[in-house]
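A.B. asks: In the numbering used here, the protein residues as written are 42 to 216.
Read the hints as simulated data drawn from the structure, not as lab findings.
Be aware that a few hints might be false.
Stated by the list, open to error - The following label-pair restraints were derived from C-beta to C-beta distances:
#1 Val-179 x Glu-203: 29 to 35 Å
#2 Ala-92 x Val-179: 34 to 40 Å
#3 Ile-214 x His-118: 26 to 32 Å
#4 Asp-208 x Ala-131: 32 to 38 Å
#5 Ser-124 x His-176: 15 to 21 Å
#6 Gly-145 x Ala-182: 34 to 40 Å
#7 Lys-81 x Asn-160: 30 to 36 Å
#8 Val-179 x Asp-116: 40 to 46 Å
#9 Lys-187 x Cys-94: 17 to 23 Å
#10 Ala-128 x Ala-162: 20 to 26 Å
#11 Pro-127 x Arg-181: 38 to 44 Å
#12 Asp-208 x Ala-92: 19 to 25 Å
Claimed, not checked - In silico lysine-lysine, BS3-like type, Cα no more than 25 Å apart, as pairs:
#13 Lys-175 x Lys-81
#14 Lys-187 x Lys-175
#15 Lys-105 x Lys-175
Nothing here was measured: the structure is a model prediction, and the numbers come from that model.
The beta-carbon is built from N, C-alpha and C at its ideal position, and this holds for glycine as well.
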Amino acid sequence: MNYLLRGIGVVAAVGAVSVLAFSLPSGDARGDGGGHALPKLTHKNWQQECASCHIAYAPAFLPKASWRRLMGGLDQHFGENASLDPATQADILRFLEANAADSGNSRMGGRVMQGVNLNEAPLRITETRWFVRKHDEVSRATWSRKSIGSAANCAACHRQAEQGVFDEDTVRIPK
42 MNYLLRGIGV VAAVGAVSVL AFSLPSGDAR GDGGGHALPK LTHKNWQQEC
92 ASCHIAYAPA FLPKASWRRL MGGLDQHFGE NASLDPATQA DILRFLEANA
142 ADSGNSRMGG RVMQGVNLNE APLRITETRW FVRKHDEVSR ATWSRKSIGS
192 AANCAACHRQ AEQGVFDEDT VRIPK
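Produce the complete structure using the sequences and hints provided.
C.D. replies: Structure below.
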């Protein structure tokens, strides 16, 4: 009888662990999909202000120093005046810094930080070694297609970019 109770206990424990393991997102418990997806982030001002012109780029694609430089120059934001009121600007910067590549919140952020020179603090995601390495097979001609426009248009090929999914299996390069 004692063996029977132990057997039932082991089966129940294995079942509970299996249910928990298969209900977690792929990757790790932080929800970053093993490095191909980013944790789902919501922030009203970031989504509203940044996504009004382009996708709200994931904070994990640049280090804190880069986000500080970028947010400090919104009056000349890649040729556009993207100025915000000081309170909104400070709010978005706090969010970006808290979730930046060097914040330790995602595996992808750790990968982005490999080879980043913090003294230079790149302003463009496309200038990071991580981005260049991940896109080395994409030709200049492909980037300049009318359907893509530039390397900065993540959503052209990464159809789930706005949801933070950058898995190579979901890439569709438009003609």
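A.B. asks: Each hint: holds or not?
C.D. replies: Hints, one by one, checked against the model:
1. Between Val-179 and Glu-203 the CB atoms are about 20 Å apart, so this pair departs from the stated range of 29 to 35 Å.
2. Distance hint check for Ala-92 and Val-179: the Cβ-Cβ separation is about 24 Å, which falls outside the suggested range of 34 to 40 Å.
3. For Ile-214 and His-118, the hinted distance range of 26 to 32 Å is satisfied, since their beta carbons lie about 27 Å from each other.
4. A hinted range of 32 to 38 Å for the beta carbons of Asp-208 and Ala-131 is consistent with their spacing of about 34 Å.
5. The hinted window of 15 to 21 Å between Ser-124 and His-176 is violated, with their beta carbons roughly 31 Å apart.
6. The beta-carbon spacing between Gly-145 and Ala-182, approximately 38 Å, falls within the hinted interval of 34 to 40 Å.
7. Distance hint check for Lys-81 and Asn-160: the Cβ-Cβ separation is about 32 Å, which falls inside the suggested range of 30 to 36 Å.
8. Our hint of 40 to 46 Å for Val-179 and Asp-116 is violated, since their Cβ atoms are close to 32 Å apart.
9. Checking the proposed 17 to 23 Å range against Lys-187 and Cys-94 shows it holds: the Cβ atoms sit about 19 Å from each other.
10. At roughly 24 Å, the beta carbons of Ala-128 and Ala-162 sit within the given window of 20 to 26 Å.
11. A beta carbon spacing of about 39 Å between Pro-127 and Arg-181 agrees with the range 38 to 44 Å that was offered as a hint.
12. For Asp-208 and Ala-92, the Cβ-Cβ distance of about 21 Å falls inside the hinted range of 19 to 25 Å, so the restraint holds.
13. Taking the CA atoms of Lys-175 and Lys-81, the gap is near 21 Å; set against the 25 Å cutoff, the hint holds.
14. Between Lys-187 and Lys-175 the alpha-carbon distance is near 22 Å, which keeps this suggested pair within the 25 Å criterion.
15. For the hint linking Lys-105 to Lys-175, the alpha-carbon distance of about 21 Å falls within 25 Å, and the restraint holds.
Hint compliance for this structure: hints 1, 2, 5, 8 are broken, all remaining hints hold.
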